[in-house]
Amino acid sequence: MSDPLVRLIGELSRLPGIGPKTASRLAHYVLKGSRSEASNLAQAITDVKDLLSNCGRCNAITAIDPCQICTDPLRDQSRICVVEEPFNIGPIERTGEHQGTYHVLLGALSPQRGIGPKELAVEQLLHRLDGIEEVILATNPNVEGEATALYLARILKSKGIEVSRLAFGMPVGGDIEYTDEVTLGRSLAGRRLL
Amino acid sequence: MPLDLALEKGVHLIVGDNGAGKTSFLESVYLLATTKSFRTSRISDCCSHGSKNFQVVGEASTEKRTRLRIEWKEGERIRSVNGRVSGLGEYLSVLPIVSWSSGDTDVLVGPPDARRRFIDRGVVGLSSGGIGTISTYRKTLLEKRRLLQSNGRGLEVWNEMLSLSAHNLIELRAKYVERLKTSLKAVLKASDLGLGDLQVSYKTSLKSGREGPSAIMKELMGASKRERVMQLPLLGPHRDDLSIRLSGFAVRQVASAGERKALGIALLLAHAAVLSEVGSEPVYLLDDADTELDVSRLRSLWRVISHRQQVFITSNRPLVWEGLEIDHFWTCGDGQLNAA
Numbered sequence: 032m033s034d035p036l037v038r039l040i041g042e043l044s045r046l047p048g049i050g051p052k053t054a055s056r057l058a059h060y061v062l063k064g065s066r067s068e069a070s071n072l073a074q075a076i077t078d079v080k081d082l083l084s085n086c087g088r089c090n091a092i093t094a095i096d097p098c099q100i101c102t103d104p105l106r107d108q109s110r111i112c113v114v115e116e117p118f119n120i121g122p123i124e125r126t127g128e129h130q131g132t133y134h135v136l137l138g139a140l141s142p143q144r145g146i147g148p149k150e151l152a153v154e155q156l157l158h159r160l161d162g163i164e165e166v167i168l169a170t171n172p173n174v175e176g177e178a179t180a181l182y183l184a185r186i187l188k189s190k191g192i193e194v195s196r197l198a199f200g201m202p203v204g205g206d207i208e209y210t211d212e213v214t215l216g217r218s219l220a221g222r223r224l225l
Numbered sequence: 257m258p259l260d261l262a263l264e265k266g267v268h269l270i271v272g273d274n275g276a277g278k279t280s281f282l283e284s285v286y287l288l289a290t291t292k293s294f295r296t297s298r299i300s301d302c303c304s305h306g307s308k309n310f311q312v313v314g315e316a317s318t319e320k321r322t323r324l325r326i327e328w329k330e331g332e333r334i335r336s337v338n339g340r341v342s343g344l345g346e347y348l349s350v351l352p353i354v355s356w357s358s359g360d361t362d363v364l365v366g367p368p369d370a371r372r373r374f375i376d377r378g379v380v381g382l383s384s385g386g387i388g389t390i391s392t393y394r395k396t397l398l399e400k401r402r403l404l405q406s407n408g409r410g411l412e413v414w415n416e417m418l419s420l421s422a423h424n425l426i427e428l429r430a431k432y433v434e435r436l437k438t439s440l441k442a443v444l445k446a447s448d449l450g451l452g453d454l455q456v457s458y459k460t461s462l463k464s465g466r467e468g469p470s471a472i473m474k475e476l477m478g479a480s481k482r483e484r485v486m487q488l489p490l491l492g493p494h495r496d497d498l499s500i501r502l503s504g505f506a507v508r509q510v511a512s513a514g515e516r517k518a519l520g521i522a523l524l525l526a527h528a529a530v531l532s533e534v535g536s537e538p539v540y541l542l543d544d545a546d547t548e549l550d551v552s553r554l555r556s557l558w559r560v561i562s563h564r565q566q567v568f569i570t571s572n573r574p575l576v577w578e579g580l581e582i583d584h585f586w587t588c589g590d591g592q593l594n595a596a
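Protein chains in written order, with the working numbering: chain Y, 32 to 225; chain D, 257 to 596.
It should be emphasised that the hints constitute simulated quantities derived from the structure, not laboratory data. By construction, the Cβ of each residue, glycine as well, lies at the ideal position given by its N, Cα and C atoms. Check each hint, because a few of them may be wrong.
[To be verified] EDC-like cross-link-like pairs, simulated, lysine to aspartate or glutamate; straight-line CA separation at most 16 Å:
no.	chain 1	residue 1	chain 2	residue 2
1	Y	K52	D	E330
2	D	K265	D	E581
3	Y	K188	Y	E164
4	D	K308	D	D273
5	D	K265	D	E319
6	Y	K190	Y	D161
7	D	K329	D	D301
8	Y	K52	D	E332
9	D	K431	Y	E212
[Said to hold, decoys possible] Here are some chain D residues the structure puts well away from chain Y; computed CB gaps all over 12 Å:
no.	residue
10	S280
11	S307
12	N338
13	L397
14	V456
15	S562
[Stated by the list, open to error] Here are a few chain D residues that face chain Y, going by a calculated C-beta distance under 8 Å:
no.	residue
16	S383
17	S384
18	T389
19	K395
20	T396
21	L398
22	R402
23	L403
24	S406
25	R409
26	G410
27	V413
28	E416
29	N424
30	L580
So that you can see chain Y by itself, here it is in the shape it has in the complex (with noise of 0.2 Å):
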């Protein structure tokens, strides 16, 4: 294989979930498309570093800083939906149920990986607090977006901010029969009234 081939391989695999033969696979699609084809994913890989950057106040990505649900005046200020990455973001919007701003963490608390607090966006949430009357906590629900969701709860509860959680249960379309008792031990504790 000639260098620039496998230089292009070389970077897709560095991609997340792009194995070699993967990488592969897509290089040689780049080198069997057009010239103008290659330009213009290249032209967009290098758009979006010079382009965009993260939202000074909530590090969404955005092109213009502060970002446009940060600056919308019909959005509601006094509620911040707190997220791990910008791209959590986006599934939420889909929703149409918040009408609130965002605040992105940039991470999740994991010490095995060497994420403390100070590596987090966390300082820079609670300079945000102001006119805040609920926090909405919507980070995974795994070990460490669990572990990240308790550690602000804490915080912001002993400042008198309401903070609430994703609600977690079963997912729509589901059966009660196939469904694991964690899974539908938590849709009980976090059952609501009708």
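Based on the hints, put chain D in the right spot on chain Y.
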């Protein structure tokens, strides 16, 4: 060398000399059912000499027919159910299996981690959320251990996380051990193995183990000073044990090799009975079942095992099985099984 077999219901006796491949056959069935080996923790060790890959494919006929496939290829374990890559929980639920081989004596006389693994196999079999509970506890424990090894700051959050998953795990383990005790009594009565008074109990390292997450949290925080000094999590289900005592004494103090073997198989049968109560009856794998057992105990064991749905027994002493009604008799040699 590829091996293709149709294995009927009933008791299968596989005889062959040492090194003929009897244990490898049982191991392949175990691999198919559990994706793991009972002989080694490194799955790459299951490849035949000179090979880097292996695959075991099988069809389990329970209420329906389900195709299982476990493959080790280019350093990756791939499991599929009916041709579709599956989650571990779904895979394990297809073909419940229990096995006993020489290394399992550790459950009786070895270090506590062998007994914890034994209990946790029961937890996984008993509860569909068992795997998730064990995995969450282990992950949380690893994070706490790492924290203690670094600066130890923020321990409270990790203790709170640990208290929740420890509570879930302790409850599941306690539930399983209670059922195991009941089953063990029934097995001992039915088999007449002559083992005397056998007591099994679950010992939690947390005094507050059964009192709920808040009590566990309090106890964990009480140990935090010592934990910071030792840089190790000192309390929790990872330090629990299953106490197995024969007439009031530790098994290693009083049981002969034959008694240990009989006791081990009795425990396995009790474990299998618990699995049968909550799901389908497991397949039994007994490696070198007759070694260390005298004729009378072998007959006692036979009384219990011979009625099970599907049992695979290996032995290098075909004569000791004479007079017993074996459904399927196989000879093993050169990597092949031949019906005799």
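Tested hints:
| no. | hint | result |
| --- | --- | --- |
| 1 | Y:K52 with D:E330 | 12 Å, holds |
| 2 | D:K265 with D:E581 | 14 Å, holds |
| 3 | Y:K188 with Y:E164 | 11 Å, holds |
| 4 | D:K308 with D:D273 | 26 Å, violated |
| 5 | D:K265 with D:E319 | 14 Å, holds |
| 6 | Y:K190 with Y:D161 | 11 Å, holds |
| 7 | D:K329 with D:D301 | 13 Å, holds |
| 8 | Y:K52 with D:E332 | 14 Å, holds |
| 9 | D:K431 with Y:E212 | 13 Å, holds |
| 10 | S280 | 31 Å, holds |
| 11 | S307 | 21 Å, holds |
| 12 | N338 | 16 Å, holds |
| 13 | L397 | 10 Å, violated |
| 14 | V456 | 24 Å, holds |
| 15 | S562 | 34 Å, holds |
| 16 | S383 | 6 Å, holds |
| 17 | S384 | 4 Å, holds |
| 18 | T389 | 6 Å, holds |
| 19 | K395 | 4 Å, holds |
| 20 | T396 | 5 Å, holds |
| 21 | L398 | 6 Å, holds |
| 22 | R402 | 4 Å, holds |
| 23 | L403 | 4 Å, holds |
| 24 | S406 | 6 Å, holds |
| 25 | R409 | 7 Å, holds |
| 26 | G410 | 6 Å, holds |
| 27 | V413 | 5 Å, holds |
| 28 | E416 | 6 Å, holds |
| 29 | N424 | 7 Å, holds |
| 30 | L580 | 41 Å, violated |
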